[in-house]
Amino acid sequence: MDSIINFIGHFHPLLVHLPIGILLFAILIHWLAQKEKYVLFKNIVPFSYLIGAGSAIVTCISGLALSTNVEYDTQTLFYHQWLGIFLALVSLLGVYFTKKNKARELKWAAITLLVLIFLTGHFGGTLTHGADYLTKGLKSKKATKARPNFSNVQEAILFEDIIQPILEEKCYGCHSDIKQKGKLRLDSKEWILKGGEDGLVFHQGSALNSPLYKKIILDPLDEKHMPPKGKPQITEKERVLIEWWINSGGYFDKKVKDLAQPGNIQMVLANFEKNSPKALNNDVPTNEIKLANQASLNNLTKMGVTILQVAKNSNYLTANFINVVKTNDTIDNLIKTVSPNIVWLKMPGIMFSNSLANAISYCDSLTKLSIEHSTITDNQLSNFQNLKRLHYLNLVGTKISLKGLLQLKSLVNINELYLGQTSITNKDAALIQKTFPKAKIIFGNYHTENIASDTIVLKVASKK
Amino acid sequence: MSKENKKIIKEATIATTEQITRKYFFKECFSGIGAMALGSMLQGCDWLGNKDSFNNFTNTNPLMARAPHFIGKAKSVIYLHMAGAPSQLELFDYKPDLLKLDGQDCPQSLLEGKKFAFIRGVPKMLGPQAVFKQRGQSGAWISDNLPHLATVADEISFLKAVQTDQFNHGPAQLLMHTGSPRLGRPSIGSWVTYGLGSENNNLPGFVVLTSGGNNPDAGKSVWGNGFLPSVYQGVQCRNEGDPVLFLKDPAGMDRDVRKASIDAINEANQLTYNEFQDPEIIARMAQYEMAFKMQISVPDVMNINDEPEYIQEMYGTTPGKASFANNVLLARKLVEKGVRFVQLFDWGWDSHGTDGSTAIDIGFINKCRNIDKPITALLLDLKQRGLLDETLVVWGGEFGRTPMQENRDGKTMPFKGRDHHTEAFTTWMAGGGIKQGSSFGETDEIGYSAISGKVTAYDMQATILNQLGFDHEKLTYASQGRQFRLTDVHGRVINEIIA
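Chains as they are written, first to last, in the numbering used here: chain A, 1 to 464; chain D, 1 to 499.
Fair warning: there could be bad hints in the mix.
Here are the simulated SDA-like cross-link-like pairs (lysine to any residue), alpha carbons at most 20 Å apart as the crow flies [to be verified]:
#1 Lys333(D) to Gly444(A)
#2 Lys333(D) to Asn445(A)
#3 Lys440(A) to Ala499(D)
#4 Lys459(A) to Lys333(D)
#5 Lys416(D) to Val457(A)
#6 Lys337(D) to Gln295(D)
#7 Lys302(A) to Asp263(D)
#8 Lys133(D) to Glu449(A)
#9 Lys435(D) to Gln266(A)
#10 Lys435(D) to Glu416(A)
#11 Lys214(A) to Asn495(D)
#12 Lys416(D) to Val460(A)
#13 Lys312(A) to Ala65(D)
#14 Lys333(D) to Tyr446(A)
#15 Lys237(A) to Gln295(D)
#16 Lys333(D) to Val324(A)
#17 Lys337(D) to Gly349(A)
#18 Lys214(A) to Glu442(D)
#19 Lys302(A) to Ala67(D)
#20 Lys214(A) to Ile451(D)
#21 Lys302(A) to Lys293(D)
#22 Lys454(D) to Glu416(A)
#23 Lys133(D) to Ile451(A)
#24 Lys312(A) to Lys435(D)
#25 Lys333(D) to Val240(A)
#26 Lys416(D) to Ile451(A)
#27 Lys474(D) to Glu236(A)
#28 Lys302(A) to Met290(D)
#29 Lys454(D) to Glu449(A)
#30 Lys438(A) to Asp389(D)
#31 Lys337(D) to Val324(A)
#32 Lys440(A) to Asp154(D)
#33 Lys454(D) to Val240(A)
#34 Lys302(A) to Asn61(D)
#35 Lys293(D) to Val324(A)
#36 Lys435(D) to Ile441(A)
#37 Lys257(A) to Ala65(D)
#38 Lys474(D) to Arg239(A)
#39 Lys435(D) to Asn247(A)
#40 Lys440(A) to Lys435(D)
Hints were generated in silico from the structure; no laboratory data involved.
Make a model of the complete structure from these sequences and hints.
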C-alpha cells in the first residue's frame, strides 16, 4: 500500500502544472468572453472550469500522497496543502457558478482563484527549491560582493568568516532552522558539535573521521554524498578549506593567522583578499607595495638579469643574476630604483664591487640573499647591516671571515645561515649562534661514509 | 512495374540521395558546424573562456622566466625515477607479518578478480628479503639495502600508499610523468618549463639524464612536450662521453660566422612564421638560439671533472663512465645553474627474478648500492649549499612489487623475484618545502593493499606543481578545443607532507 501511495505521490510535481495552466486559461477565457469580439468563448468557459477543477482535485490527492513520505518543512507544507485544497474547492465552486450562470459570484471566484494559484504555487516552489530560489538570481550579484573579502585574511576568524559562509551557502538549505534533514543542524557551533540522528558529524582534528567532511568527498553518485545530487556542490577550494579547518583542530574561535598554512591553503586564502594582493609566505613581507618601475625592470632584463614577480598576485620581486658575471654602474643604479620591491636576490659567483654592495643595501625588503661563491669582502658585507628583514643568507665559498660575519650582528632575524667552504668553522658555532639566536647554521662539509658493501657487486653463485 | 512500385522506388531514391547530397549535408550540418564555429570564435572572449587560465606561450621568447600563480617554496625539481619499479617491500615498507607467511600459498582472496602482469595460478608469498631498522629521529623504516640513505631519513617525507591503475611499465611511466597512460600528453617537466620558463638564458629549462643501460620503457615520450610547443620538451643529454655532441665549431668556422648564419636562418624562419603563425617555427628558432648559447654553457656545466675531489667522493662518481652517480652530480650542477626540472631515469629495477640481475637478493641489491650513496650525497650537498629548501627531490618508480613471489606462467622461478603491483607502493619527496622526517599512508600487514592515505600519480603531480607555486587546476593549455592540464580531472595536493 505504502509503495502505491508513494508512486501516486511522485506524480504530484507533474500534475501540479495542469490546474495552474487550465485554471489560468479558464479565467482568461472567462474574462475575454465578456468582450463582444470574443463572445463565442462563453460556450467553453464552463468546460474550462470543469477540467481545471478536476485536475485540481487529482493534484490534491497526489499531493497528499507525496506529503506522507517526504520530509518537508512542516510550516510551508501546511500552507501549501491547505491553500491547495481550498483552491480545489473554490474551483469546484466556480464550476457550480457557471452552471447556474451566476456572473457576479463567478467573477469573485475567479479573482480568488488567481490569488490562490499564485500563493499555492509559491509555497510549492519553496518546498522543492528552497526559500531563496526565486530571489537568488536577483541577489547573486550582491552575494558575490558580500562574499567575505578581507583587507587581511590573516585576521579573519576561520570558522565565522570563512567556513560558516560556505556552510550557509551549501548546507543550511536542509540543515538549519529552515529544515533539519537527518535531524542535523549546522548553523551554530553547538548544533555542529551535537550531530544528527546518526551521531556525531564532527571530530576536531580529523577530517577523515568527520562525517561532515566524509560525505562531501564521497563519490557524487553515492546516495550519501552531500550536498545531494542536483544541489549546488562544494567546490574544490571550499573542500580544501573545510578539510584544513577540521584537520587543524576544528576551532570555532581561532584566527587564520594562528594556524599553520600549507602552500595551497595560502593560495585559496589569498583569493579572499583579491583587491589587495598580498604575499602569504614567510619569505615575503605582508605589507602592500606599489608595482616596481616597469622601465627599470625591462632594462634589467635586457642586461641579462632574470627579474620577475615572486608570484602573479604579488608586486614583490625576485632577481636572479645567474646570467651576469659582473654588474656595472647601470645595473647597480637600476637595482636601486626597484630596491624596495626586491625580496630575493640570487647572485651566485658574482664579481662584487663596492657599488653593487651599496645598491643591495637599499633593498630593505630583502629576505633572501644568495651570494655564494661570490667575491664579496668583509668590507662590502658591512653594507648589509640595515637589511633587517633578511632571514636567509648564503655565504658558501666566500672569503668572509668570522669578524666580517659578526659585523651583521644587527640582523637578528636571520634564521638560515650557510657558511660552508669558508674560513669560518663550527668551532665558532657557539659565538655565531649567540649573535644570530634564531639561525640554523649550516657549516657543510658533509660527506658520505665509505661502506665496504658500496663497491661489492653481488653475482649469481656458481652451481657446483 | 506497377505505378505504386515506381512511386516507392522514387521515394527510396530521394531518401537515399538526401543523405549524400551536398545541399543536404549543409542543411543537416548547419547547426553543428555553426555551433563549432561559434565556440571557437567565443573562445577568446573572457566571459566564456576561463579567466584564470594560464596560457603562457609567448611568441617572442617562449623560455622567458615567468612568475608562478602563488609563492612557491621550490624553484626547481630533481625527479629520480627508478625505471622498472623498485620493490617497496625490500626498501621502505617493512612487513614482518609477511615473513611469517613466506613460502605459503597466496590466499585466494588476494587473487580473485585481480590481474597480474606475469603471476598465474596460485603463487607463494615471499617474505621481506632485507633487514629493516628504524632510522633517525623520525623512526622511518629503511632497509639495510640503503645504508647511506638511512642516515638522512630525517630529511625525507615518505608516501607509503601510492596507487596506480597501470601494471605495464610503459603506460605506468607515462601516467607518472604525463598524467595519462596513453601517448600524447606533455610531461611534468614540460608543464613546469611552460609555466616558469628558464632562469638561465643559456641552458634549457628541462634536462633529462638516463642511466642503467637503457631508456625507460615508455621511450622519450615520458619527457615529451605533447601538445605544448616543442620548445618545452626535455633535452636529453648523452650519458657517456660528451653530454652534448658537436659543441665545438668545425675548423674554419669561427663563432661570429656561426652567429651570423644562425641569425640569417632565424630571419628566414621569422618570415615563415609571420606568414603561417605556426608556433613550432618559434620553437625551432628558440632551439637554434639555445644551441648556440649551449656551445659555451654546456662544457662548463656538464663537466663533473671540475668538481673537487671530496664532492666526487661524496657522490661516488666515476668520471668518463656512464653512471647514475655522475647523473646525480650533474643534476645538482644543473639546478645550481637555474635549470627548472632535471629528470633522471635509472633503468634496471624490474626485479622479476628471471635471472641473477633481476633477483631481489642479487641484482636488486646491486642497483640499490648504485643509487644509495649518490642520492644521499645529493640531499646533503643541496643542504650544505643552501639549496635543499628550494629544490624538490622526488624519488619513485612507476608501480610497486607484489608480496607474492613471481611464478611466471605458473612455474617456479630460478631466482627470488616479485611481479608488478599497482595497489600500493612507496615513493618519497624531500626538500622544496616538504616536511622533514614524515610518512604518509599505510598498507595492510603484508603490504598488499593501501589502507589509508592513498595517493595517486595525479596527487604527486599536483603536489609537485603546488610546491613550485602552481595551482594544478589552473596551469592549463588550450589544445583541440579544450583546456588541458597535467592532472586532467584528478589530483589533490598532499597537504599531509607539506611543511
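Here is how each hint holds up against the structure:
1. Lys333(D) to Gly444(A): Roughly 17 Å between the alpha carbons, so the hint for lysine 333(D) and glycine 444(A) holds.
2. Lys333(D) to Asn445(A): holds (17 Å)
3. Lys440(A) to Ala499(D): The hint holds at about 16 Å.
4. Lys459(A) to Lys333(D): violated (34 Å)
5. Lys416(D) to Val457(A): holds (17 Å)
6. Lys337(D) to Gln295(D): At roughly 15 Å apart (the allowed maximum being 20 Å), glutamine 295(D) and lysine 337(D) satisfy the hint.
7. Lys302(A) to Asp263(D): holds (19 Å)
8. Lys133(D) to Glu449(A): holds (18 Å)
9. Lys435(D) to Gln266(A): holds (17 Å)
10. Lys435(D) to Glu416(A): holds (17 Å)
11. Lys214(A) to Asn495(D): holds (17 Å)
12. Lys416(D) to Val460(A): holds (12 Å)
13. Lys312(A) to Ala65(D): holds (12 Å)
14. Lys333(D) to Tyr446(A): holds (17 Å)
15. Lys237(A) to Gln295(D): Between lysine 237(A) and glutamine 295(D) the Cα gap is close to 46 Å, so the pair fails against 20 Å, i.e. violated.
16. Lys333(D) to Val324(A): holds (17 Å)
17. Lys337(D) to Gly349(A): holds (11 Å)
18. Lys214(A) to Glu442(D): holds (19 Å)
19. Lys302(A) to Ala67(D): OK: lysine 302(A) and alanine 67(D) at ~18 Å, within 20 Å.
20. Lys214(A) to Ile451(D): holds (16 Å)
21. Lys302(A) to Lys293(D): holds (16 Å)
22. Lys454(D) to Glu416(A): violated (34 Å)
23. Lys133(D) to Ile451(A): Holds: lysine 133(D) and isoleucine 451(A) sit about 17 Å apart, inside 20 Å.
24. Lys312(A) to Lys435(D): Not OK: lysine 312(A) and lysine 435(D) at ~25 Å, beyond 20 Å, violated.
25. Lys333(D) to Val240(A): Violated, because 37 Å separates the two Cα atoms, which is more than 20 Å.
26. Lys416(D) to Ile451(A): Violated - the C-alpha atoms of isoleucine 451(A) and lysine 416(D) are around 26 Å apart, more than 20 Å.
27. Lys474(D) to Glu236(A): holds (12 Å)
28. Lys302(A) to Met290(D): holds (17 Å)
29. Lys454(D) to Glu449(A): violated (35 Å)
30. Lys438(A) to Asp389(D): Cα-Cα ~17 Å, so holds.
31. Lys337(D) to Val324(A): holds (12 Å)
32. Lys440(A) to Asp154(D): holds (16 Å)
33. Lys454(D) to Val240(A): The given pair, whose Cα atoms are some 17 Å apart, holds under the 20 Å limit.
34. Lys302(A) to Asn61(D): holds (13 Å)
35. Lys293(D) to Val324(A): holds (14 Å)
36. Lys435(D) to Ile441(A): With a Cα-Cα distance of about 19 Å, the restraint between lysine 435(D) and isoleucine 441(A) holds, given a limit of 20 Å.
37. Lys257(A) to Ala65(D): violated (32 Å)
38. Lys474(D) to Arg239(A): Given pair lysine 474(D), arginine 239(A) holds - Cα atoms ~17 Å apart, limit 20 Å.
39. Lys435(D) to Asn247(A): holds (16 Å)
40. Lys440(A) to Lys435(D): Holds, at roughly 16 Å.
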